[in-house]
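Protein sequences appear in the order of chains A and B. In terms of the numbering used here, the first sequence is residues 24 to 442. In terms of the numbering used here, the second sequence is residues 24 to 442.
Mixed in with the good hints there might be a few duds.
Where chains are identical, the list cannot tell them apart; a pair therefore holds if satisfied intra-copy or between any two copies.
[What the hints assert, rightly or not] Keeping only pairs whose Cα atoms sit at most 27 Å apart, straight-line, the calculated DSSO-like set for lysine-lysine is:
no., residue 1, residue 2
1, Lys410, Lys438
2, Lys410, Lys127
3, Lys207, Lys73
4, Lys392, Lys171
5, Lys101, Lys260
6, Lys171, Lys101
7, Lys340, Lys101
8, Lys340, Lys405
9, Lys405, Lys260
10, Lys171, Lys73
11, Lys392, Lys73
12, Lys260, Lys410
13, Lys345, Lys171
Just so you know, the hints here were simulated from the structure itself, not pulled from any lab data. This one's a predicted model, so the numbers in the text were calculated from it and none came from an experiment.
There are 2 protein chains.
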Amino acid sequence: MNATIINIGDELLIGQVVNTNAARMSQMLTGAGIQVHNVFTIGDDAYDIKLYLELGLQAADIVLITGGLGPTKDDITKTTLCEFFGSELYENEIALENVTRLMKAFGRELTPINRQQALVPRCCTVINNVLGTAPCMWFEVEGTTPQKVVVSLPGVPFEMVNLMETEVIPRLQTHFHTSAILNKNILVQGIGESFLSDLIEPWETALPHHIRLAYLPQAGMLKLRLTARGTEQAVLKQEVDTAVAGLYQIARQYIVGEDFETLPELLAHLMHNAGQTLASAESCTGGAIASKLTALAGASDYFLGGVVSYSNEVKEKALGVKHSTLTAHGAVSEETVREMVTGVRNRLGSDYAVATTGIAGPGGGTPTKPVGTVWIGIATPKQVIAKRMHFTGRREQVIERTCNEVYASLIRIVKEELA
Amino acid sequence: MNATIINIGDELLIGQVVNTNAARMSQMLTGAGIQVHNVFTIGDDAYDIKLYLELGLQAADIVLITGGLGPTKDDITKTTLCEFFGSELYENEIALENVTRLMKAFGRELTPINRQQALVPRCCTVINNVLGTAPCMWFEVEGTTPQKVVVSLPGVPFEMVNLMETEVIPRLQTHFHTSAILNKNILVQGIGESFLSDLIEPWETALPHHIRLAYLPQAGMLKLRLTARGTEQAVLKQEVDTAVAGLYQIARQYIVGEDFETLPELLAHLMHNAGQTLASAESCTGGAIASKLTALAGASDYFLGGVVSYSNEVKEKALGVKHSTLTAHGAVSEETVREMVTGVRNRLGSDYAVATTGIAGPGGGTPTKPVGTVWIGIATPKQVIAKRMHFTGRREQVIERTCNEVYASLIRIVKEELA
Chain A
24 MNATIINIGD ELLIGQVVNT NAARMSQMLT GAGIQVHNVF TIGDDAYDIK LYLELGLQAA
84 DIVLITGGLG PTKDDITKTT LCEFFGSELY ENEIALENVT RLMKAFGREL TPINRQQALV
144 PRCCTVINNV LGTAPCMWFE VEGTTPQKVV VSLPGVPFEM VNLMETEVIP RLQTHFHTSA
204 ILNKNILVQG IGESFLSDLI EPWETALPHH IRLAYLPQAG MLKLRLTARG TEQAVLKQEV
264 DTAVAGLYQI ARQYIVGEDF ETLPELLAHL MHNAGQTLAS AESCTGGAIA SKLTALAGAS
324 DYFLGGVVSY SNEVKEKALG VKHSTLTAHG AVSEETVREM VTGVRNRLGS DYAVATTGIA
384 GPGGGTPTKP VGTVWIGIAT PKQVIAKRMH FTGRREQVIE RTCNEVYASL IRIVKEELA
Chain B
24 MNATIINIGD ELLIGQVVNT NAARMSQMLT GAGIQVHNVF TIGDDAYDIK LYLELGLQAA
84 DIVLITGGLG PTKDDITKTT LCEFFGSELY ENEIALENVT RLMKAFGREL TPINRQQALV
144 PRCCTVINNV LGTAPCMWFE VEGTTPQKVV VSLPGVPFEM VNLMETEVIP RLQTHFHTSA
204 ILNKNILVQG IGESFLSDLI EPWETALPHH IRLAYLPQAG MLKLRLTARG TEQAVLKQEV
264 DTAVAGLYQI ARQYIVGEDF ETLPELLAHL MHNAGQTLAS AESCTGGAIA SKLTALAGAS
324 DYFLGGVVSY SNEVKEKALG VKHSTLTAHG AVSEETVREM VTGVRNRLGS DYAVATTGIA
384 GPGGGTPTKP VGTVWIGIAT PKQVIAKRMH FTGRREQVIE RTCNEVYASL IRIVKEELA
């Protein structure tokens, strides 16, 4: 069972908006045992919409379309779907009720342009979009068994996600008989892709044919994803567990954890279960460490807060870093990061604390402290650790790598100390 | 002059990695007057790579390919390009030198698998990738005038960006005669897409045919992008200026600024020019406000730092919010946000300060303070302002909207006070 995703929108083609919808949808589909065959991003162009809808239906059983449903002139998806399916627009009751309800909620009157949102092709089933005015539309293609499905969704991310989770995925699973699938993530850090590849090649080659390995590099870390397909979930689980055990035998030292998508998720799980608290003191990462942690629901369970000590004054005022330390060793130094991490741990009263100070670039580098030089500090109930890193890449890359280095180092220390 | 982008990688199809490359490349191409016709995301599959390369070349003059160049088994782009162009792999000197240099820099020896990175099709021109081991390859298609171009780039974002900026875009501009293009951004906030559309429809309809308007909605704000194509830059500028002047006449109150891609960029520009400093106190946004500001180079010019006061204890300890205030009015209240914003401004000694406290969800809502309730505080040399917002959507949406509301409010106040 496979799917093609078509994301419509000129904004995607001028690069003003990153296409996060494709990733979200792919994750949800993969998790449901539906393989994404490919993704087309096209403009609000009737010819292209029809062409890639056709190509999509040739290659896959399901075509999911997002975008082009807005009330503005450049949105033509609905009329184009009418042409494709030889249907016509009519005002749908469910959709009209929904638009009316939402306008009332916003305290606005229903304008003619709002009302157009309730027009849909006659041949589709309307799936109500409770979060927005654009209706979701379900089409079944005549003369295919089981009938291939085309679903048109709004491009607004949170509306799309809600519709996919609550309506589209369940309906697809009932409409098609989806085969058993098992995904297993292993988070690896401290080794480059090619070196890991050398290390685990014999193991990879020995994997059963129905278990696929994907390398998913992120800044400063690597996620290995095993995907197993078969008929029985229980059997797949056994086979995957065996494979993972084999991986531990050859790469244990690089494995940070399993079963989580990201290091922040793993860290949150660890801290929560251990009932430990965390605080952060960020200079070069400028709040990125805290914001990635607090982006996850339930962060307040363990994350007390932090200080973004961007200027030296703030390092002194808010963290108690000594003025003499800054003048003698500079802001990017072992001494400073140690005072930052101890300062934030003491002042915020957390069990654990992390700190970063470095040169993210592009400016600010010196011969002795080039761009990419970063000091990381970790304070625990038992110890204070500081390490110097040198990261390559641009500003955002350096920030990303620093975050992942901090998360991975902390996870390793917490596991060790709480073992 | 138009282009097709092909992003290769199974990781993109299981949704583990968001395809930011497509957006980056589209931005750079659009800026260079090359229109992106469409984007294909496909797996590491020889059949598909050839099929969409063919489709891409039918629709466009340029096909840019990323990914599938890694040293691991699942990377097949180079061999597939050989099949497509009827060529063969050979060890390229420039590429080998580069791999050797990088391995030495990492303090690693050159493994056989690293060395494979130096293999490229004979028919291509190698563009040296100074930041990574995968070479960039330039192909010209026989029998087309001007010869259509296929460029294969590494999928690692910062390597791709560097190659595009320094090598690929300049070479494309020399190879093809690119027409004059002018892009103009107008940042709009405080009105929904459909209401703005109603408001400006007469203006939009009256735009000259060669000037296109795109609606680029972001969380809590809207970017309007005018794209003008013609022969003379000067003429285009005049026409676009006239159009923008017309827009101000009907929508001035909603326009936050021009010529910037994002509100943080505009804010940074304003604060820098005014020589004013900023500090932040974040509860529900958890560091997102600071991290978006510090993601931009030069943030240290005006951003002193901030406090992520996630727990009430930190609100008291680090910001001096009164315990009585928290108990009497709760963390999500006007009183608390006022004490947060004054506290951070006084303690960090900034000219301006912003603060947020709210319920991002999914949990934590109450009948009187449902999920999406957010208090925003802004302190200036002249005044302290607090406003209550109610945002719809999921956690990330609420955080995003809060950030944009804070940036837009601050920009308006700073413009007003410094006028």
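- Message: For Lys207 and Lys73, with the copy left unspecified, which applies at a CA distance of at most 27 Å: within, between, both, or neither?
- Response: neither (37 Å within a copy, 31 Å between copies)
- Checking Lys340 and Lys405: alpha-carbon separation at most 27 Å within a copy, between copies, both or neither? both (26 Å within a copy, 24 Å between copies)
- Task: Using 27 Å as the alpha carbon limit, work out where Lys392 and Lys171 are close: within a copy, between copies, both or neither.
- Result: Answer is neither; intra-copy 59 Å and inter-copy 45 Å both fail.
- Query: From the Cα coordinates, with 27 Å as the cut-off, is the pair Lys260 and Lys410 best called within, between, both, or neither?
  - Reply: Intra 39 Å, inter 52 Å, cutoff 27 Å: neither.
- Task: Could you place Lys405 and Lys260 in one of the four classes (within, between, both, neither) given a Cα distance threshold of 27 Å?
- Result: neither (38 Å within a copy, 64 Å between copies)
- Item | Homomeric proximity label, Lys410 with Lys127: Cα distance no greater than 27 Å | between (57 Å within a copy, 22 Å between copies)
- Between the shortest in-copy and the shortest cross-copy C-alpha distance, which are at most 27 Å for Lys101 and Lys260: within, between, both, or neither? neither (43 Å within a copy, 35 Å between copies)
- Task: If the cutoff is 27 Å on CA atoms, where do Lys392 and Lys73 land: within, between, both or neither? Let me know, please.
- Result: neither (56 Å within a copy, 46 Å between copies)
- Item | Homo-oligomer pair classification [Lys438, Lys410; C-alpha up to 27 Å] | The answer is within: 19 Å in one copy meets 27 Å, while 43 Å across copies does not.
- Query: Should Lys171 paired with Lys101 be assigned to within, between, both, or neither, using CA atoms and 27 Å as the limit?
  - Reply: Within. Shortest intra-copy distance 19 Å satisfies the 27 Å Cα cut-off; inter-copy 34 Å does not.
- Status of Lys171 relative to Lys345 across identical chains (alpha carbons, at most 27 Å): neither (68 Å within a copy, 62 Å between copies)
- Task: Could you figure out if Lys171 and Lys73 sit no more than 27 Å apart (CA to CA) within one copy, between two copies, both or neither?
- Result: Answer is both: 16 Å inside a copy and 26 Å across each meet the 27 Å cutoff.
Of the numbered hints listed earlier, those contradicted by the structure are 3, 4, 5, 7, 9, 11, 12, 13.
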